[in-house]
Amino acid sequence: MTELSTATAAQDAVRVDLGNVQGLVARMYRQRVVRHLLFRFGGSAEARGFLRGLLPHITLADASPDPAPDPVVNVGITYHGLQALGAEPALLDELSSAFREGPDPHQLGDAAESASATENWWEGRFSTEDVHCIVHLHVSCDEALQTASALARTLAQQSGMTELIPRIDGTVLDARSLGGGKLHFGYTDGISHVDVGWDDESRTPQQVDFREFLLGYAGAAARSDENALLRDGAYGAFRWIYQDVATFNRFLGAEGPRMFPDRAPGDAEELLAAKMMGRWRDGTPLVLSPDRPDPTMTRRNDFGYEHDDPDGLRCPFSAHIRVVNPRDQRLDPIVAKKVPAVIRRGMPYGPLLEGSEDDGVDRGLFGIFMCADIRRQLYSLTGWIKLNDFSPVYDSNRRVQDALFANRAQPGAVAQFTIPGEGGEANVMLPDFVRTKGTAFLLYPSKSTLQRLSEQAGPV
Amino acid sequence: MASALNLTIPLKQDEHAQEMLRQMMATFTETVQKPLEKALAESKIVHFARMVLIEEDQRGRYLLVLTEFDGDPMAYTEFFRTNLGPIFEQLFSLAEGAPSWEELDSPEAFLEYNRSLNLRSMGTSADGDERHGYMFSAVGDKTVRELISQGGPTASGDVAAAAVAAA
Chain A
3 MTELSTATAA
13 QDAVRVDLGN
23 VQGLVARMYR
33 QRVVRHLLFR
43 FGGSAEARGF
53 LRGLLPHITL
63 ADASPDPAPD
73 PVVNVGITYH
83 GLQALGAEPA
93 LLDELSSAFR
103 EGPDPHQLGD
113 AAESASATEN
123 WWEGRFSTED
133 VHCIVHLHVS
143 CDEALQTASA
153 LARTLAQQSG
163 MTELIPRIDG
173 TVLDARSLGG
183 GKLHFGYTDG
193 ISHVDVGWDD
203 ESRTPQQVDF
213 REFLLGYAGA
223 AARSDENALL
233 RDGAYGAFRW
243 IYQDVATFNR
253 FLGAEGPRMF
263 PDRAPGDAEE
273 LLAAKMMGRW
283 RDGTPLVLSP
293 DRPDPTMTRR
303 NDFGYEHDDP
313 DGLRCPFSAH
323 IRVVNPRDQR
333 LDPIVAKKVP
343 AVIRRGMPYG
353 PLLEGSEDDG
363 VDRGLFGIFM
373 CADIRRQLYS
383 LTGWIKLNDF
393 SPVYDSNRRV
403 QDALFANRAQ
413 PGAVAQFTIP
423 GEGGEANVML
433 PDFVRTKGTA
443 FLLYPSKSTL
453 QRLSEQAGPV
Chain B
336 MASALNLTIP
346 LKQDEHAQEM
356 LRQMMATFTE
366 TVQKPLEKAL
376 AESKIVHFAR
386 MVLIEEDQRG
396 RYLLVLTEFD
406 GDPMAYTEFF
416 RTNLGPIFEQ
426 LFSLAEGAPS
436 WEELDSPEAF
446 LEYNRSLNLR
456 SMGTSADGDE
466 RHGYMFSAVG
476 DKTVRELISQ
486 GGPTASGDVA
496 AAAVAAA
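If you read the protein sequences in the order shown, they are chains A and B. Offset between the first sequence (1-based) and my numbering: plus 2. Offset between the second sequence (1-based) and my numbering: plus 335.
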């Protein structure tokens, strides 16, 4: 525990010591290659030895992200991993029940008997309970990837750990930038990331309080350091999401011209893609530029819905960015007073696919969604994605879903996408565009918690 | 479909707690029922709600809070913590082994304590989530909002809400 955070956590003003926070939590590194290595611990003493060996290599958030260290090394540990480490009961008791219970497919929208059902995760090679830790390696090139992987694997081997290989073809979870910040459906990523204020005294009104993401500053932990064993750590949901690009492209090609017959077919496809996301594929917000992408607006984030687009004429109510961040739109009294936020870290994996013929290759996104409260933040957002029932704007039909990322097999949902227009609304039925292939809930412990975990010998 | 809450609160057996329980029951209509009904009507997710006292040898043993509601349990419990905090503080002050209200008065702690008191219904879940157990519904998975918008129960719901608002 650092002197600064320890001394001031219980008082009003706190400045987070970023040297105690894992880099992945607070920084967005822009390396082009990422590898996620999944491990199962062996004995607890050996597992602690692994953490001791890894700790000097962990990238902390006080390291400058530009230029980024190479490699960037971070580690997340699951609840079963913490148990296997022999973590002390007081630390385990501080963990939220949502973390202890692990990914809940009902809350995540991974409906039973759908392709995203948990029995299909990890290509059936192991269960989520087998995952004890994930080592994330962000590197600049493939040579650096081999070096960084060798470091983690050698340490793991020496510590009696088993590397879990999550694909039938024997490959591991590597991601590579597609260039230009693009994702597999062609949208531009990384526009509206949460701006976190890490210092109470200098936080601006636009910034989000770090307590939304870091553990150990609320409740009993804020009152006593003895209850703050998790301070400066964060929860993260690692999600392996397959994207069905061929189905997506076929859908745009068939439905775009039908929905917007006044436009040339290519333009109609682009408009339908924009209506589903809420931004044109170059990032231009529909609310600001509803008719065409505007190169001067691709990074714009200064818009709302309540006054700028109350009827969804520009950005449909079920467009992805309007669902996961309804901004100033009115919410139901039953839901949280403010829109929940998560820190997103993601990178596409698999080769680009153009056209509408599937090549059978795995492609999609590895996403890590970080927060301090899994239920209030992560599960609220996944709940809104699976069923748009959180705001009066959906009163005409509260069974619709996120246009892009919802599971159409969700019980009670209607796979209908409504696009309001001046001449009335148009509707189109949505297929599945994505599939969950694995999820693990991870704790990203602070440096001090990692030290504590690596040293202590709890009950075995 | 709707979820059931079968909150089963074991009651303290000391004389002071039993006297507080009697006082609460004597003033229940004014101090609990009215604010409860107002909040339930506003929530638009609660189908039915009632409270039952199980007595034995003229002593309150358990208090049951039984409801059927739509949607996410976290949002549900959090709504009631923020809108009906004083009522739940009073209820849980009568509960054997309950943490103090200071400890309970956070989203996570309040949800956890409610979960610990919530009994699973018997049988096989109809909604695929085996944590729930069996519950019959004659209206399928229709939500309160849908039922209200379709007439029928709407009128009585609105009348009840209006009555509370006027009271």
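Don't read these hints as lab results, they were simulated from the structure. Just so you know, not all the hints are guaranteed correct.
Taking lysine-lysine pairs in the DSSO-like style, the calculated list, with each CA pair at most 30 Å apart, reads [unchecked claim]: (1) B:LYS347 to A:LYS339; (2) A:LYS340 to B:LYS347; (3) B:LYS379 to B:LYS369; (4) B:LYS373 to A:LYS339; (5) A:LYS340 to B:LYS373; (6) B:LYS369 to B:LYS347; (7) A:LYS340 to B:LYS379; (8) B:LYS373 to B:LYS347; (9) B:LYS379 to A:LYS339; (10) B:LYS369 to B:LYS477; (11) B:LYS369 to A:LYS339; (12) B:LYS369 to A:LYS340; (13) B:LYS477 to B:LYS379.
Q) Within 30 Å, alpha carbon to alpha carbon, are LYS369 of chain B and LYS340 of chain A? A) At roughly 28 Å apart (the allowed maximum being 30 Å), LYS340 of chain A and LYS369 of chain B satisfy the hint.
Q) Is LYS373 of chain B close enough to LYS339 of chain A, meaning Cα to Cα at most 30 Å? A) Holds, at about 19 Å.
**Q.** Distance restraint between LYS347 of chain B and LYS339 of chain A, which requires alpha-carbon spacing of 30 Å or less
**A.** Outside the cut-off at roughly 35 Å; violated.
Q.
Hinted pair, alpha-carbon criterion (30 Å max): LYS340 of chain A, LYS347 of chain B. Please report holds or violated.
A. At roughly 37 Å apart (the allowed maximum being 30 Å), LYS347 of chain B and LYS340 of chain A break the hint.
Q. Under the criterion that the straight-line Cα-Cα distance not exceed 30 Å, is the pair LYS369 of chain B, LYS339 of chain A satisfied?
A. holds, 24 Å
Q. Does the alpha-carbon distance linking LYS379 of chain B and LYS339 of chain A stay inside the 30 Å limit?
A. holds, 16 Å
Q. For the pair supplied as a hint, LYS369 of chain B and LYS477 of chain B, is the alpha-carbon distance within the 30 Å limit?
A. Satisfied, since the Cα-Cα distance of roughly 26 Å is no more than 30 Å.
Q | Proposed proximity, LYS369 of chain B with LYS379 of chain B (alpha carbon, max 30 Å) | A | holds, 16 Å
Q: Decide if the proposed pair is consistent with the structure: LYS340 of chain A and LYS373 of chain B, CA atoms, cutoff 30 Å inclusive.
A: holds, 23 Å
Q. Taken at face value, is the distance from the CA of LYS347 of chain B to the CA of LYS373 of chain B at most 30 Å?
A. holds, 28 Å
Q: Would you check the hint for LYS477 of chain B and LYS379 of chain B, treating anything up to 30 Å between C-alpha atoms as holding?
A: With a Cα-Cα distance of about 12 Å, the restraint between LYS477 of chain B and LYS379 of chain B holds, given a limit of 30 Å.
Q: Decide if the proposed pair is consistent with the structure: LYS369 of chain B and LYS347 of chain B, CA atoms, cutoff 30 Å inclusive.
A: holds, 25 Å
In the structure shown, a violation is registered for the earlier hints numbered 1 and 2, in ascending order.
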